[in-house]
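*Asks:* Could you put together the complete structure from these sequences and hints?
Residue numbers (numbering that gives the first Met the number 0), protein chains in the order written: chain Y, 0 to 574; chain Z, 0 to 319.
Take these hints with a grain of salt, some might be off.
[Claimed, not checked] The list that follows gives simulated cross-link-like pairs (lysine-lysine, DSBU-like), each with its CA atoms no further than 35 Å apart:
no., chain 1, residue 1, chain 2, residue 2
1, Z, K61, Z, K72
2, Z, K63, Y, K159
3, Y, K439, Z, K63
4, Y, K234, Y, K211
5, Y, K211, Z, K94
6, Z, K61, Y, K317
7, Y, K211, Z, K72
8, Y, K500, Y, K318
9, Y, K318, Z, K61
10, Z, K63, Y, K456
11, Z, K61, Y, K456
12, Y, K318, Z, K63
13, Z, K63, Y, K142
14, Y, K234, Z, K181
15, Y, K121, Y, K211
16, Z, K231, Z, K312
17, Z, K72, Y, K204
18, Y, K204, Z, K61
19, Y, K274, Z, K181
20, Y, K234, Z, K94
21, Y, K317, Z, K63
22, Z, K61, Y, K439
23, Y, K142, Z, K61
24, Y, K371, Y, K456
25, Y, K142, Z, K72
26, Y, K234, Y, K175
27, Y, K204, Z, K129
28, Y, K274, Z, K94
29, Z, K63, Y, K204
30, Y, K234, Z, K72
31, Y, K211, Z, K63
32, Z, K61, Y, K211
33, Z, K181, Y, K211
34, Y, K234, Y, K142
35, Y, K456, Y, K318
[Said to hold, decoys possible] Label pairs and their calculated CB-CB ranges:
no., chain 1, residue 1, chain 2, residue 2, range
36, Y, P368, Z, A48, 34 to 40 Å
37, Z, V137, Y, V440, 35 to 41 Å
38, Y, V440, Z, K72, 35 to 41 Å
39, Z, L27, Y, N275, 38 to 44 Å
40, Y, S102, Z, F170, 37 to 43 Å
Quick caveat, the hints were computed from the structure, so don't treat them as lab data. Even glycine gets a Cβ: it sits at the ideal position worked out from N, Cα and C.
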Amino acid sequence: MGENRTPRSRTPLRGTRIVTLLAVAAMVAAGCSSGGNEEPQKSGQSQQVVEGGTLRLGTTSTIDSINPFVGFQANSFLVWQSIWPYLGTYDEDNKIVPFWATSWDASPDGLTYTFHLHPDTKWSDGQPMTASDAAFTINTIIKYQDGPTGSWAGNVTNMKEVDAPDPATVVVHYSKPSGNALSQLIGIPILPEHVWGTFATGDGKALKTEAKDAVTPTEDQPVVSGGPFELAEYKKDDIALLQRNPNYTLTAKPHIDGFGIQIYSNEDAMITAFKNGDLDAIEGVPTTNVASLKAAGFTINNTPGVFFYDFIINSNPKKPEHQELLDPKVKEALEYAVDRQQIIDVALGGYGSPGASIVPPATGDWSDPNVKPLPFDIDQANQILDSLGFQRGDGGIRVADGHPMEYTVIIPNSQQAVLSRTFQIIQPDFQEIGVKLTLKVLDPSAAFDAIGAPDYKYLDFDLAMWDWIPFPDPSYILNVVMCDQYGSNSDSGYCNPAYDKLWDQQASTVDQDERRQIVYQMQEILFNDRPYIVLNYPDVIDAFDSDNWAGFYNESGFGIFINNSTLTMNSVHQT
Amino acid sequence: MRRADYVIKRTFFAFVTIFVAITLNFFLFRVIPGDAVSNLARVPHATPALRQALEEEFGLDKPKWEQYLIYLKQLAHGNMGVSFANQEPVWSNLKTALANTLPMVTLGTVIAIVIGLITGVLSAWRRKTKLDHISTNVAIAFYAFPTQWLALVLLIYLSGFLPSHGMTNDFLLNPTPWEHFKDVGLHMILPAMTLALTLYGQYTLVVRSSMLETLGEDYVLTARAKGFTQRKVVTRHALRNAMLPTTTLIALSLGYIVAGAILIETVFSWPGIGSAVYQAVTQRDYPMLQGAFLVLTVSVVAANFVADLLYFKLDPRITE
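*Replies:* Following this line, the structure appears as structure tokens:
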């Protein structure tokens with residue numbers, strides 16, 4: 000799973016979450032016929048299904064582009080997964096299930112995957128939707144992965160080529176066995192070749208710069224789509240309006256005529272509009288608004304997220320100064336001085352759970368249950384630092400190797416609301432163990448620059464805080480601390496060849512139980528080496544008007560809307 | 000001849016100003032820490048090849064002076080480049096944003112000027128009365144309120160009655176032109192009203208003080224002695240002469256209309272130029288920033304130029 004590329008976690012905009020796929024035939028059928036007995040919400044009992052209507056969804060996270068080779072924000076993924084078909088999708092527990100492909104099989108050597116598609120499917124413009132569209136899309140990504148299609152390169156790692164021997168069969172060839180082949184493949188939106196074929200020529204740059212018409216709906220010509228919906232209207236920073244795709248046959252058709260994603264640049268405005276009945280549901284509710292929405296009679300859906308906040312310790316072995324921070328004992332002492340519960344109570348308003356592993360429990364069984372946070376214990380922290388011989392100097396600040404233990408913590412202003420409160424809790428506790436912290440807030444671009452300084456060699460910074468949004472599959476999040484991610488995803492300078500080797504090993508282990516053992520081992524290494532002290536997994540909080548709407552699905556770790564399937568939009572209905 | 004000299008001199012200075020601003024803008028954005036590629040290069044399993052490909056694509060691998068020359072050359076051909084963030088031509092992004100911003104900000108500014116003129120003249124005319132005190136203090140208060148606070152207060156109290164998101168009701172399907180016009184008009188009330196309220200105070204104060212000055216002049220006394228009505232004295236003799244500083248202020252603020260109103264656009268989710276610039280800054284979208292600042296520079300310079308010319312017309316003393 001997971002490799003569906005993420006709307007990159009460390010973006011300048013808040014509320015980015017990943018999104019990928021489409022709904023599962025079986026799931027949706029079950030959801031529809033049983034009148035929503037799968038509903039996770041406390042929204043009340045099974046209600047009658049009223050067909051039609053438009054669900055108005057409010058968000059503060061933007062849609063940067065409908066072009067999948069340009070956009071990367073969470074809500075762009077929500078649009079893509081609604082309008083384009085995917086080979087497979089996820090269920091509410093992040094398990095991979097069929098979608099366009101009804102089944103698939105892997106060759107014993109793990110080098111070939113064969114997908115069997117629903118036959119006789121059509122794009123929204125009536126053209127046949129076949130295996131050759133899938134082959135075209137994936138081959139195009141493979142071909143231009145070091146350039147125009149680079150943002151999807153993670154989905155085609157070790158992939159050689161894709162064939163379509165007949166209209167209902169897709170065969171994917173790998174050069175090396177791939178442990179996460181399925182999650183990679185089902186993360187790719189399949190584009191109509193008859194629309195996109197003209198851009199995938201020459202150096203492929205046209206895929207980014209010329210494809211505007213292919214993703215711009217006009218008055219009477221929606222974007223050519225193959226998912227449950229087609230894009231009828233899109234205005235940058237304003238709205239995306241989707242309507243039912245008349246030719247959609249992969250699962251039961253949605254009950255709603257369509258839905259709109261309204262983009263608010265201000266949370267208070269969104270909450271007010273929701274309360275006034277201008278919206279039917281909102282995603283990403285600020286914790287401070289939960290109580291008032293509950294009081295106003297709305298239903299709140301909160302679920303432990305995969306998103307996590309982390310306290311970053313520069314772990315670059317080549318770091319010239321403050322080398323004491325490379326000492327695992329020092330890092331352990333720092334973790335003992337972090338009061339995770341207090342951070343959750345204050346900075347997250349109680350909506351979150353303490354964290355330890357960078358593979359969040361909400362991803363299911365990829366998270367190592369043996370990786371647990373250290374308890375908050377100032378005495379223990381002091382004992383460790385005493386035993387290392389760091390005596391207290393001026394103002395009670397310890398001295399390590401001749402200099403006081405005083406460090407700057409860099410945080411991005413995009414997460415300032417939570418992280419500056421987190422800092423206010425950590426700072427006095429660290430003071431008690433003789434470590435002095437100062438805060439430096441920068442905008443995300445400058446913060447990433449400061450962490451990588453100089454020139455992405457990670458030599459200057461000491462401490463930082465930020466967040467990540469992992470996929471259901473652990474491959475991506477385990478990759479961000481690897482040596483080859485310097486200048487790309489690395490924000491810790493961590494580089495451990497033994498760890499990198501394990502990553503390669505899990506990436507090519509096809510047996511998932513065997514792979515899981517390696518993934519556990521990697522999580523334990525990271526926990527002990529502590530490039531990150533994982534602080535917490537905040538809840539994903541969504542809200543909806545349960546007086547008039549039902550049929551919402553909650554996906555573990557992702558919530559109702561910005562998740563990895565179209566379960567919600569396929570089953571939501573008026574009551 | 001003198002007039003032609005004046006115009007030529009002003010025009011020359013306007014062009015020099017624009018050129019200097021273009022140059023400053025180009026280098027200014029590039030010295031802010033943070034680079035344009037790091038955001039786009041952080042995708043799962045990113046490779047150094049991707050970073051390099053992006054840098055080449057954006058021309059950021061070349062030395063800065065070369066980038067600058069390329070930028071100037073493109074600009075000379077009327078090409079403002081392509082936005083890093085959404086890969087669309089900068090001018091098409093700016094055009095959409097400007098088309099959204101201009102009606103709202105213009106309406107707000109015009110209302111502010113009208114209210115400012117009326118209250119300013121009334122205050123000066125009835126100076127030291129209760130009316131003057133109330134009007135001046137209210138103007139100062141609105142001028143002092145933080146824009147976003149005022150916007151939020153209006154939003155919270157009025158959003159049940161007036162639309163508070165964006166420019167149109169996007170769920171109004173296939174509106175007739177009249178319905179569309181009404182829809183946009185209704186959406187414009189809250190943001191334009193906020194803008195008018197935050198802006199009008201400065202006009203009140205400037206108009207009032209320049210009116211007070213002219214009301215004390217000998218020619219006003221003469222006019223009064225001639226037995227003109229109060230109204231005529233104020234409008235014909237005092238106000239006309241008091242308009243000089245006000246004209247400058249108006250011209251300047253018209254120039255800034257294209258800058259939009261970042262805070263107001265943010266509160267009311269107005270998809271205008273203010274929010275476009277803000278996003279471009281956070282994304283280090285250099286071509287968008289350069290484009291937006293170029294448009295802003297040109298319009299401020301142009302507005303000043305017009306103000307200079309108007310001055311020339313309004314006040315013949317300038318040529319002497």
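*Asks:* The structure should be examined with respect to each hint, and the outcome stated for every one.
*Replies:* We went through each hint and held it up to the structure:
1. K61(Z) <-> K72(Z): With Cα atoms ~15 Å apart, K61(Z) and K72(Z) stay inside 35 Å; holds.
2. K63(Z) <-> K159(Y): Roughly 39 Å separates the two Cα atoms, so the pair is violated.
3. K439(Y) <-> K63(Z): holds, 29 Å
4. K234(Y) <-> K211(Y): With a Cα-Cα distance of about 13 Å, the restraint between K234(Y) and K211(Y) holds, given a limit of 35 Å.
5. K211(Y) <-> K94(Z): holds, 16 Å
6. K61(Z) <-> K317(Y): holds, 29 Å
7. K211(Y) <-> K72(Z): Roughly 26 Å between the alpha carbons, so the hint for K211(Y) and K72(Z) holds.
8. K500(Y) <-> K318(Y): Distance ~23 Å between K500(Y) and K318(Y) Cα, so the pair holds.
9. K318(Y) <-> K61(Z): holds, 30 Å
10. K63(Z) <-> K456(Y): Measuring from Cα to Cα gives roughly 22 Å; hence the hint holds.
11. K61(Z) <-> K456(Y): Holds - the C-alpha atoms of K456(Y) and K61(Z) are around 21 Å apart, at most 35 Å.
12. K318(Y) <-> K63(Z): holds, 30 Å
13. K63(Z) <-> K142(Y): Roughly 31 Å between the alpha carbons, so the hint for K63(Z) and K142(Y) holds.
14. K234(Y) <-> K181(Z): holds, 19 Å
15. K121(Y) <-> K211(Y): Holds, at roughly 22 Å.
16. K231(Z) <-> K312(Z): Roughly 22 Å between the alpha carbons, so the hint for K231(Z) and K312(Z) holds.
17. K72(Z) <-> K204(Y): holds, 22 Å
18. K204(Y) <-> K61(Z): Answer holds: K204(Y) to K61(Z) is near 19 Å, not above 35 Å.
19. K274(Y) <-> K181(Z): Holds: K274(Y) and K181(Z) sit about 24 Å apart, inside 35 Å.
20. K234(Y) <-> K94(Z): The given pair, whose Cα atoms are some 13 Å apart, holds under the 35 Å limit.
21. K317(Y) <-> K63(Z): holds, 30 Å
22. K61(Z) <-> K439(Y): holds, 31 Å
23. K142(Y) <-> K61(Z): holds, 26 Å
24. K371(Y) <-> K456(Y): Within the cut-off at roughly 31 Å; holds.
25. K142(Y) <-> K72(Z): holds, 33 Å
26. K234(Y) <-> K175(Y): Violated. K234(Y) to K175(Y) sits at ~43 Å, over the 35 Å cutoff.
27. K204(Y) <-> K129(Z): violated, 69 Å
28. K274(Y) <-> K94(Z): holds, 34 Å
29. K63(Z) <-> K204(Y): Holds, at roughly 24 Å.
30. K234(Y) <-> K72(Z): Status holds; Cα separation ~32 Å.
31. K211(Y) <-> K63(Z): The hint holds at about 30 Å.
32. K61(Z) <-> K211(Y): holds, 28 Å
33. K181(Z) <-> K211(Y): holds, 31 Å
34. K234(Y) <-> K142(Y): Measuring from Cα to Cα gives roughly 31 Å; hence the hint holds.
35. K456(Y) <-> K318(Y): Satisfied, since the Cα-Cα distance of roughly 9 Å is no more than 35 Å.
36. P368(Y) <-> A48(Z): 34 to 40 Å: holds, 37 Å
37. V137(Z) <-> V440(Y): 35 to 41 Å: Holds: the Cβ-Cβ distance is about 37 Å, inside 35 to 41 Å.
38. V440(Y) <-> K72(Z): 35 to 41 Å: holds, 39 Å
39. L27(Z) <-> N275(Y): 38 to 44 Å: About 42 Å separates the Cβ atoms of L27(Z) and N275(Y), which means 38 to 44 Å holds.
40. S102(Y) <-> F170(Z): 37 to 43 Å: 40 Å Cβ-Cβ, so the 37 to 43 Å window holds.
The structure shown violates the earlier hints numbered 2, 26 and 27.
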